[in-house]
Amino acid sequence: MSGLKIYRSLAEKFVFKSMFPNVLVTDSLLALVKFLFDEQEAKVLNALSFAPKPAKTVARYANLPLETVRPILEDLGDRFMILRLTMAGVPVYNLLPLAPGIFESQMIRSKNDGENASYYREFARLFEDVYHEYMLYFKDKAKGKDLRFGRIVPIEKSLEATTGIMPLATDRYSEIVERNRSFSLVDVCACRTHQEYLGQGCGRAMHACSAMGWLADLAIDKGIARRVSREEFLEAKAAAVEAGLVNMVDNLEDPMQVCSCCTCCCGVMRILKEYNIPTIIAKSHFEASVDAEKCIGCSQCVEICPMEAVSLADNKAVIDHSRCIGCGLCVPKCSKAKAISLKERYGHKPPSKDVLAYAAERIEELKGIQKSLLPRLTLGAGSLLYQLSPKQLTGPRYKPPKS
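Counting in our numbering, the sequence shown runs from 0 upward without gaps.
Hints were generated in silico from the structure; no laboratory data involved. Among the hints, a few may not be true.
As the list claims (entries may be wrong) - Restraint ranges, calculated between C-beta atoms of paired labels, are given here:
#1 E132 to F49: 19 to 25 Å
#2 E38 to A238: 43 to 49 Å
#3 D112 to E231: 44 to 50 Å
#4 D186 to K140: 34 to 40 Å
#5 Y345 to Y60: 23 to 29 Å
#6 K142 to A168: 41 to 47 Å
#7 S17 to A87: 26 to 32 Å
#8 K140 to A242: 30 to 36 Å
#9 D186 to E114: 17 to 23 Å
#10 E132 to E38: 22 to 28 Å
#11 P399 to H347: 42 to 48 Å
#12 A358 to A116: 34 to 40 Å
#13 D313 to G346: 28 to 34 Å
#14 Y345 to V89: 49 to 55 Å
Ideal placement from N, C-alpha and C gives every residue a C-beta, glycine not left out.
The task is simple: from the sequences and hints, build the whole structure.
And the structure:
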């Protein structure tokens, strides 16, 4: 296989072309793949998949000697370009998606690798080209798709300040955190670091990105995060809220990835605001509501809203509910007039019960599979098996590794 074919084959893996045959493989993606991997690395990566394999199996698929393949896999694992785990005492390796995956790992690694700043700056530029090109391509494809990859969790102050609503356990950040036992903080936000390399940083907090459960322990093990107590975790998240950042998590009952986002830098929030793909994340269970009689037109809600969903008309705040994501940041800002509160959002859909249900639901939606009886039964069986399994990834049944 020629060099170009090797790189194209790898690029196709990153956009899941075997699952989505009509997906576009762009020149910008090929340029990024060539930048990240030399030809020998790309050949080895083509023998990997998103399911873990031991080095011996990878060598056989790559048609290369094991003594050639193993050090390449180890080096890629050290650089966090692939995921390296140990199963039954044997090292296994699998591909990481470009995002979330390689993008985050490289931006986080850059904080301790100042000598290679030019490398990370070029990576940031190439990734931005890929991001922009695929968002333009994806915008039409996403029409009518109920994707909901992540979800917004309202800040607790907004729930506490509102009467007459009934938040679920999945709506309360404190309850989500309480159900977990492993916590980590990353002292650099990948998205804000990315924008800094592009000369467009916003200066907001870098130490607010975090994880819980298995993902927290993995990030700690890989040296890209530090273990913290539940109390320190909540303190960091409270500070992020004070800085005007939005709570966004995986769209799971018990999420693992816990982000504090701004719409100027966050890759997901930018999809909402810049590219207007509204179903990329699930808006929270609530939306903002204004009591016009109490509103004094101070415009603090207008200034804090990350989605520009609030405006003033006749000196009264007006909510554009098509843009309101229910983050709740506006509610405590209205502490003087108390004119803004939350109300339950009509048609709210609860998060997926577990990672298997999450994956299957996203694939069904992207592929346009009709939710007939058989796929539903298959999905239900997989979800049930996961719930019965002693190995959970997050939530109260997750068992952290022994120290």
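Please test the hint of 49 to 55 Å on the beta carbon pair from Y345 and V89. Given a distance of about 51 Å, which is inside 49 to 55 Å, the answer is holds.
The hint says 34 to 40 Å between D186 and K140; measuring C-beta to C-beta, is that right? At roughly 36 Å between Cβ atoms, K140 and D186 fall inside 34 to 40 Å, so the hint holds.
For the pair E38 and A238, does the Cβ-Cβ distance stay inside 43 to 49 Å? holds, 46 Å
I want to verify a distance hint. Is the separation of the beta carbons of K142 and A168 within 41 to 47 Å? violated, 33 Å
Per the hint of 42 to 48 Å, is the separation of the Cβ atoms of P399 and H347 within bounds? violated, 32 Å
If I claimed the Cβ atoms of D313 and G346 lie 28 to 34 Å apart, would that claim hold in this structure? At 30 Å between Cβs, range holds.
Lying within 26 to 32 Å: is that true of the beta-carbon distance S17 to A87? holds, 28 Å
Measuring from beta carbon to beta carbon, are E132 and E38 in 22 to 28 Å? holds, 24 Å
Regarding Y345 and Y60, is the given constraint of 23 to 29 Å on their beta-carbon distance met? Hint violated: Cβ distance 50 Å, outside 23 to 29 Å.
With respect to the beta-carbon atoms only, verify the hint that K140 and A242 lie 30 to 36 Å apart. holds, 34 Å
Using the beta carbons of E132 and F49, state whether their distance is inside 19 to 25 Å or not. holds, 23 Å
Would you say the C-beta atoms of D112 and E231 sit inside 44 to 50 Å of each other? violated, 26 Å
Hint check: violations occur at hints 3, 5, 6 and 11; the rest are consistent with the structure.
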